[in-house]
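Protein chains: 2
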Amino acid sequence: MPDDAQVTRRPGGRTAHTRERVLSAVAAILTEEGFDAVSVDAVAARSRVHRTTVYRRWRDPGGLLADALDAAREQAWEPPDTGSLRGDLTAVNAQVIEALTGRPPVTTALIAASFRSPAAAHALRAFWEDRYARAAVVVTRAIARGDAAPDADPRAVLVAATAPLFHELALMRAPAAPGLAERYAALAAAAALGG
Amino acid sequence: MPDDAQVTRRPGGRTAHTRERVLSAVAAILTEEGFDAVSVDAVAARSRVHRTTVYRRWRDPGGLLADALDAAREQAWEPPDTGSLRGDLTAVNAQVIEALTGRPPVTTALIAASFRSPAAAHALRAFWEDRYARAAVVVTRAIARGDAAPDADPRAVLVAATAPLFHELALMRAPAAPGLAERYAALAAAAALGG
Chain V
1 MPDDAQVTRR
11 PGGRTAHTRE
21 RVLSAVAAIL
31 TEEGFDAVSV
41 DAVAARSRVH
51 RTTVYRRWRD
61 PGGLLADALD
71 AAREQAWEPP
81 DTGSLRGDLT
91 AVNAQVIEAL
101 TGRPPVTTAL
111 IAASFRSPAA
121 AHALRAFWED
131 RYARAAVVVT
141 RAIARGDAAP
151 DADPRAVLVA
161 ATAPLFHELA
171 LMRAPAAPGL
181 AERYAALAAA
191 AALGG
Chain E
1 MPDDAQVTRR
11 PGGRTAHTRE
21 RVLSAVAAIL
31 TEEGFDAVSV
41 DAVAARSRVH
51 RTTVYRRWRD
61 PGGLLADALD
71 AAREQAWEPP
81 DTGSLRGDLT
91 AVNAQVIEAL
101 TGRPPVTTAL
111 IAASFRSPAA
121 AHALRAFWED
131 RYARAAVVVT
141 RAIARGDAAP
151 DADPRAVLVA
161 ATAPLFHELA
171 LMRAPAAPGL
181 AERYAALAAA
191 AALGG
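In order, the protein sequence lines correspond to chains V and E.
Here this note's numbering is used: the first residue of the first sequence is 1, the next is one more, and so on.
Here this note's numbering is used: the first residue of the second sequence is 1, the next is one more, and so on.
Hints are computed from structural coordinates only; laboratory data are not their basis.
There is no bait here: all hints are sound.
Selected chain V positions facing chain E (in silico; Cβ < 10 Å):
hint : residue
1    : Leu124
2    : Ala156
3    : Val157
4    : Val159
5    : Thr162
6    : Leu171
Computed, partial: chain V to chain E, Cβ under 7 Å:
hint : residue
7    : Ala112
8    : Ala121
9    : Arg125
10   : Trp128
11   : Ala160
12   : Ala163
13   : Pro164
14   : His167
15   : Met172
16   : Arg173
17   : Ala190
18   : Ala191
19   : Gly194
Distance ranges between label pairs, derived from CB positions:
hint : chain 1 : residue 1 : chain 2 : residue 2 : range
20   : E       : Ser39     : V       : Ala16     : 40 to 46 Å
21   : V       : Ala149    : E       : Gly146    : 20 to 26 Å
22   : V       : Glu32     : E       : Ala144    : 47 to 53 Å
23   : V       : Ala16     : E       : His50     : 54 to 60 Å
24   : E       : Asp81     : V       : Tyr55     : 57 to 63 Å
25   : V       : Glu74     : E       : Glu33     : 35 to 41 Å
26   : E       : Arg173    : V       : Ala149    : 26 to 32 Å
27   : E       : Gly34     : V       : Glu74     : 27 to 33 Å
28   : E       : Glu129    : V       : Arg14     : 48 to 54 Å
29   : V       : Arg134    : E       : Ala176    : 22 to 28 Å
Backbone N, C-alpha and C define an ideal beta-carbon position, used for all residues, glycine too.
Make the full structure from the sequences, and use the hints.
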């Protein structure tokens, strides 16, 4: 193996490095210029990855956005463990608010893109389902503690806590009011006790 | 006044009739072809209203979409009165599901358009806030009956009931599962008792 290949070797290898460069170009173009600007050519130019490589591996804007979401899904994530259902849901909600109000606004841009690209919509759904599945332990722990009814449905409780944030911040474009994370976490926790 | 003006007179007058024609053209183009196809020229052609009139009154695609939402907001609407909070919220949720899954998919198309047009986003928010304000009586009636805690926040309870439907159907593009309206209505009603 020639010396220069040694020098450029990274954890995950060249391919992982190329993917990182391409996906950070996707995020930058999406948040700065919007979905219409995400093209194979623009991503190739910004990432300095050859356009043939980008085209062969990602094909089109939908493929690029879907892979950005898949990469987010592959990242390690565990739900918080605060000792109470209300506390755990508040902490999860705080993360959702951070994602929806953070700069650059990657999450909101991906939601917007999901209305333009079926591939992005599919990947966004897979991302959220994965997070709900990983967070289910928050509710099963609460059931074990007697902090939720035995027949509480983990996914429904998590959706009840988080969906109002997507509704307020992404669909209604309201500013994040103080106490927003806690308000809907408290309602969902009360609902979970009701079964 | 000449006779032919008498013949074409309608409740609300010529202007109201022009608006109806323009807005039904907007809805048809939006649901059949999407936001990119909604232009002053396309709407003028489809509605057979002169393009100068469309341009003068609605200006651009954002203005056309915003007025379509304003027209929906102006329509009479009262929340259901079933005798219980859970019943009322289930009935409201059934209406939301119908709006989100109906054909043609006007509501979903308007949500998608709100990510492209600030005017449409603003009008969509006004539409929803108006509906939440009108539906608040569902929760205040429940408080009077002892069906909800005295300090239950009407808007938060309504958002808790309805937001999961927007999340599941509009953002996650899940099919409407049987019992969906009831599931999140029951959770929100249980939460309202918790205060």
